[in-house]
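Okay, here's what each chain looks like letter by letter:
Number of protein chains: 2
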Amino acid sequence: MALKTLSAKAAAALDRELMSTGAFSLDQLMELAGLSVSQVGNVGGDGLVAARHLFHYGYQPAIYYPKRPKNELYQRLVKQCEDLEIPFVDDFPAALESTDHVVDAIFGFSFSGEVREPFPAVINAMAETKISVTSVDAPSSWDIHEGPPKSGVGSNFHPNVLISLTAPKPLVKHFKGRHFVGGRFVAPAIAKKYDFDVPKYEGIDQIVEITDNQVKI
Amino acid sequence: MALKTLSAKAAAALDRELMSTGAFSLDQLMELAGLSVSQVGNVGGDGLVAARHLFHYGYQPAIYYPKRPKNELYQRLVKQCEDLEIPFVDDFPAALESTDHVVDAIFGFSFSGEVREPFPAVINAMAETKISVTSVDAPSSWDIHEGPPKSGVGSNFHPNVLISLTAPKPLVKHFKGRHFVGGRFVAPAIAKKYDFDVPKYEGIDQIVEITDNQVKI
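Residue numbers (the numbering used here), protein chains in the order written: chain A, -4 to 212; chain B, -4 to 212.
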């Protein structure tokens, strides 16, 4: 099975369509996306939902969340994690010392341009750590179409695992690790309209691993 | 492991707490509840969410939904099913002829009193069918505390499978089939406050089967 990729513009239009004519709420989409992320192993709001599910799976997540959007949904997602006593940490490099897995949910498919403070040090730490890193939709700092920056922050960041939500983005041609697709909620008609393939999920899984040469680039 | 039961009053208070101090939206709770239901095999809004997930699992669900609440969330859940071209059927007994499983999500834990039209014929059909029936939280027509009615509609309704959301309700002492608990999103502090046990879910499952003698009555 070959999977087509979805441009940043198309991915944004798809999100808008799912929340208008598709009648999904952002709460629903983020819940399903975060559940997919949690099933890969261990992103912004998707990261908070994933941390909550991971707690219930028996893991001991900690959250680094230095830039907090003020909107009500994000505030509720934070409260749901606080109620589980999931710790929020301020020092990312220090937190790396006491974990065995990182979920990189900093930037999503709408990222472009320069990495702003305080994230350069965080991306450098993820680039240099020996523990496994899973990025959601895009390794943070990567261009959605062009992949890793040619130089500077992120140029040496190659996460071990990538989970593409709904459909792979064009940057996957630069990615060499294990690749999953999640977000099992797209109607066939929508996939057809946006011209991407819904992968063949197994059983009740919310994710599916994509093996080499399955992505059309 | 023994599981305590949750009274109808406590279950309603828990729902209110999850949506106030717990910061969950109804969208999130219904998404997670419906996902649990879909994982049992195949309930109002929970039933709509379950039908959507079942479609994505590869099943061919059909929905009998004669009494439609006018609120916006239920309208969106219907639209999400319509977008998958899941058929809505008007004749429940006829629809039974062409399926191999029924999810009974008619009444929830807040039901009490008499079964009103058009549901007596539906409950009689579920009582008499030979195909497997899965009820959500309570077999429809059963009293949450007392179980099946002593006579009349529902007195002979014994579904094959029950999925209790969050915690079993007292009626489980009258239930003889396979019993699952779903709704893996309760914070330990909330479970303690409401004095029920969170069952030991395995792996990433959103449901867990409860074997005989595990429920405290």
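Since the hints were made in silico from the structure, they are not lab data.
Some clues are possibly wrong.
Since the list gives no way to pick one copy over another, a pair counts as held whenever it fits inside one copy or between any two copies.
As the list claims (entries may be wrong) - Calculated lysine-lysine pairs in the DSSO-like style (CA-CA distance at most 27 angstroms, straight line):
#	residue 1	residue 2
1	Lys65	Lys188
2	Lys168	Lys62
3	Lys187	Lys145
4	Lys188	Lys171
5	Lys74	Lys125
6	Lys188	Lys125
7	Lys168	Lys145
8	Lys188	Lys145
9	Lys125	Lys195
10	Lys171	Lys62
11	Lys187	Lys65
12	Lys4	Lys65
13	Lys62	Lys195
14	Lys195	Lys65
15	Lys195	Lys145
16	Lys168	Lys188
17	Lys145	Lys4
18	Lys4	Lys74
19	Lys74	Lys171
20	Lys188	Lys62
In this text the structure is predicted, and so the values were computed from the model without any measurement.
Run the structure past the numbered hints and jot down the numbers of the failing ones, going up. 1, 2, 3, 4, 5, 6, 8, 9, 10, 11, 13, 14, 15, 19 and 20
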